[in-house]
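Those protein sequences? They're chains A and R, same order as listed. For the first sequence, the working numbering begins at 1 and goes up steadily by one. For the second sequence, the working numbering begins at 353 and goes up steadily by one.
Simulated coverage check for chain R against chain A, where a stretch passes if three residues somewhere in it have a Cβ under 8 Å from a Cβ of chain A:
(1) 609–615
(2) 690–702
(3) 741–747
Here are the simulated SDA-like cross-link-like pairs (lysine to any residue), alpha carbons at most 20 Å apart as the crow flies:
(4) R/Lys793 - A/Ala344
(5) R/Lys793 - A/Arg11
(6) R/Lys793 - A/Val343
(7) R/Lys793 - A/Thr347
(8) R/Lys793 - R/Glu402
If you are wondering where the hints come from, they were derived from the structure by calculation, not from laboratory data. We put the beta carbon where it would ideally sit given N, CA and C, even for glycine.
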Amino acid sequence: MNAAMAAELRRAPHLRTPVSVPVLMRRVLYALVPALLAYTWFFGFGLVFNIAAAVAAALATEAACLRLQRRPIAIALSDYSAVVTGVLLAFALPPLTPWWITALGSTFAIGVAKHAYGGVGNNVFNPAMAGYVALLVSFPDQLTNWLPPRMGDIDYEGIGLLANLRFMLSGGLPDGYTLDALTRATPLDLMQTELGDMRMVAEIRNSSLFGDFGGRGWEWIGNFVALGGFWLLFRGVIRWHIPVGMLGGLVLSASLFYLYDSANFPSPGFHLFSGGALLCAFFIATDPVSAATTDRGRLIYGAGIGVLTYLIRTWGSFPDGVAFAVLLMNMTVPLIDRYTQPVAYGTREPRS
Amino acid sequence: MNQPLLYNRQPPRPAWGVRVDPRKTLSTSEPIVAAPLPTQVQLPLELGPERRAQAVVAPGDYVYTGQPVARLETGARNVVCASISGRVAAIRPGPIPGPGPRVAECIVIDSDGQDRRHADCVPAGDPARLAAARLRELIAQAGIVGLGGAVFPTADKLGGSQPVDLLIVNGAECEPYISCDEMLMRERAAQVLDGARIMLRALGCDRAVVAVESDMPAARLALRAALDADRDPRLDIAEVTAKYPAGGERQLVELLTGREVPAGGLPRDVGIVCQNVATAAAVSELFRTGCPLISRIVTVTGGGILNPVNVEARLGAPLADLVAAAGGYTTTNCDLVMGGPMMGMALAGDRLPVTEATNCLLVAAPGELSDAQPGYPCIRCAECSRVCPARLLPQELLVACDTQDPDRLEQLHLDACIECGCCDYVCPSRLTLTPVFAQAKIRQRAHREQQRQARLAQQRSEARNARLAAAEKRYADGPAPDAGEAALTDLLARVEQRDERGDGG
Ligand code: SF4
Ligand code: SF4
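Using the sequences plus the hints, can you model the full thing?
As structure tokens, then:
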């Protein structure tokens with residue numbers, strides 16, 4: 001028995017959960033599969049190509065950044081966090097996005113939003129949303145060209161797998177197609193512009209793009225996103241505070257205005273099932289690194305995102321406010337954490 | 353008794369803590385076995401932090417089982433008793449279980465194989481008639497300390513001036529693998545209750561509750577049966593959810609009574625005393641048979657042990673004897689841990705003596721335990737703070753420990769950390785947290801002491817300056833007509849001299 005041996009002795013605790021970071025990240029990816037299938041059903045294979053481009057660029061950028069910092073590459077790449085960032089960014093982009101735009105966003109997300117801040121664990125901003133916003137302000141047109149959902153009576157002129165691929169690679173479309181003819185505004189977009197044109201919600205909703213609550217097709221995707229989200233909750237990958245806070249904040253503010261004037265403010269259901277609300281609540285706002293860490297803090301953080309999303313959607317100049325809301329709330333995290341620190345056991349001031 | 357109960361018989365499941373595979377059944381299928389008499393025992397004279405004993409026997413002396421062999425360095429109280437009969441072979445430094453290899457002065461006794469009882473080992477009289485102070489004195493002299501792992505002198509816990517309204521007899525052994533308390537309650541429930549009753553008398557308290565975990569129904573039934581036979585209205589059972597660390601002293605106090613032990617304080621500060629069930633049994637043993645603390649039950653378990661079982665072993669017996677009593681090793685290169693896998697201490701080998709703190713010897717087969725794996729940084733998932741029973745923010749603490757920021761550590765209440773290891777257990781980044789906190793706590797204490805000294809020094813120098821100024825003023829205000837420069841210097845020198853004497857004190 002000597003000092004050298006002592007140094008090798010293990011230190012308590014001697015047991016650890018098998019749920020490591022890669023396991024968590026992989027579970028996030030699994031949970032996105034239902035949404036991916038629904039998405040592909042309604043909007044074609046665009047998302048699959050988006051994911052391929054975004055993930056490839058994310059991994060390449062991650063490797064390059066680590067290389068530059070002379071940090072081990074293999075272990076960091078194997079944690080799947082770059083993959084998750086790429087996939088989430090891809091989900092936010094329209095199905096017809098040229099590959100280089102996707103790749104650029106992904107590169108920005110990993111290179112600037114993540115590594116410029118010191119890599120995973122230190123990034124202040126949600127990388128996927130930072131990447132998305134960077135693209136949105138740089139390429140506003142390309143980022144609002146959505147395809148209409150493939151649903152029965154919508155005058156859908158789908159483009160096939162190969163055509164979609166060709167467009168993403170070269171920007172070219174098959175003869176007889178134009179981008180304008182193919183794409184539609186998203187329901188959120190439509191709602192915002194038409195409300196701006198002094199129309200009433202009920203009128204606008206007559207458009208074939210609208211379903212029971214939100215956009216047609218979008219509602220279904222929303223269900224599948226939520227399905228994945230519930231699975232994540234069930235497996236303990238995420239905790240309930242942020243989703244509840246976010247959806248609560250959104251629905252409450254929407255309800256308030258809807259009750260006040262339902263002709264000019266769309267219903268809470270519309271907000272819930274449109275755009276990225278559900279994806280954000282379960283997958284984006286719950287990114288642990290850039291979120292608040294205390295339970296109360298997470299409720300506040302989530303609620304902040306929900307309310308801001310509503311405000312931006314209603315009065316902002318961008319159709320969906322999710323990304324901006326997340327980034328704004330990211331900035332408040334240190335403050336929230338500071339003011340929601342729980343009272344430690346046995347340190348409560350004695351009541352006088 | 354119409355007052356409301358002081359405690360909750362079935363507290364709700366706590367939000368904190370972790371569910372770890374208990375693996376207790378490994379060692380509960382067989383009854384407790386007695387280890388064969390050791391051929392040699394080694395009794396450390398280092399009894400705990402800042403508690404040392406001095407041998408009262410010399411090499412070559414013959415000692416009987418139960419004979420006092422050492423007394424407290426401070427005070428004349430006997431606190432260590434021979435655990436076998438035979439000759440004192442030596443009094444020399446020997447390895448003892450401790451963080452890293454620790455060496456302490458030990459009394460080594462060679463057994464004569466007779467196990468002859470010391471003549472003084474007879475019951476001191478009916479404990480129900482002895483005075484509380486006398487009970488405490490006898491308990492102290494029998495060397496009885498907390499057998500749950502903390503080895504705090506039982507008599508000291510039972511004494512004290514603050515009023516106590518509840519004695520918690522802790523059988524809620526929450527660490528995985530360990531089953532010595534459970535088996536004790538199953539087999540010797542009446543003894544536990546008897547010990548609890550004696551401790552109530554020593555405490556001057558009239559309520560005791562034995563806490564068990566929800567995953568030890570057999571122990572609860574045994575206790576219930578003993579309670580029914582006993583009909584003492586002062587005793588009761590409570591059942592806490594089997595979740596680590598629900599059996600921790602502070603956690604148990606919170607679960608059962610809703611009170612919180614102040615950070616840095618003792619349960620006593622909120623009117624509660626906690627004693628381990630094995631300690632209670634040892635107290636009962638002392639008053640019923642006269643036998644002081646010479647043995648304890650040790651869970652010998654793990655994938656590296658052939659027949660995991662609870663072994664009743666003499667204090668000071670080599671751990672290797674216990675392994676042998678449990679069938680021996682299954683493989684070589686096992687990991688040895690004293691205590692459970694969450695808070696236990698890794699051992700360098702089995703040539704160490706059983707001490708009062710040895711509740712479990714975990715012999716883990718290769719791959720049975722898992723370690724920190726550096727590689728991933730903290731992802732701020734806050735799983736650690738979700739499970740922290742002290743409601744701390746381990747992820748923030750880790751940052752503050754890295755930057756060695758004492759004020760931030762203070763603000764994050766590092767001192768409230770009970771080093772339970774829950775944060776490490778759940779961390780998906782496999783970070784090393786608890787050991788870092790343990791180290792930081794030591795540094796933080798040193799830092800606080802330094803600050804205290806600095807404050808004292810400053811106060812002193814301020815006081816001195818004030819006195820000098822006052823002296824000067826006195827001189828200036830009312831100068832004696834013939835007082836000159838010399839008188840002032842003289843006065844100042846005297847003042848300074850006095851201050852220096854004061855400083856030394
Ligand atoms: S070791 Fe300390 S910080 Fe970690 S969970 Fe336990 S009490 Fe909390
Ligand atoms: S559990 Fe580990 S990774 Fe998660 S916040 Fe705590 S220290 Fe960080």
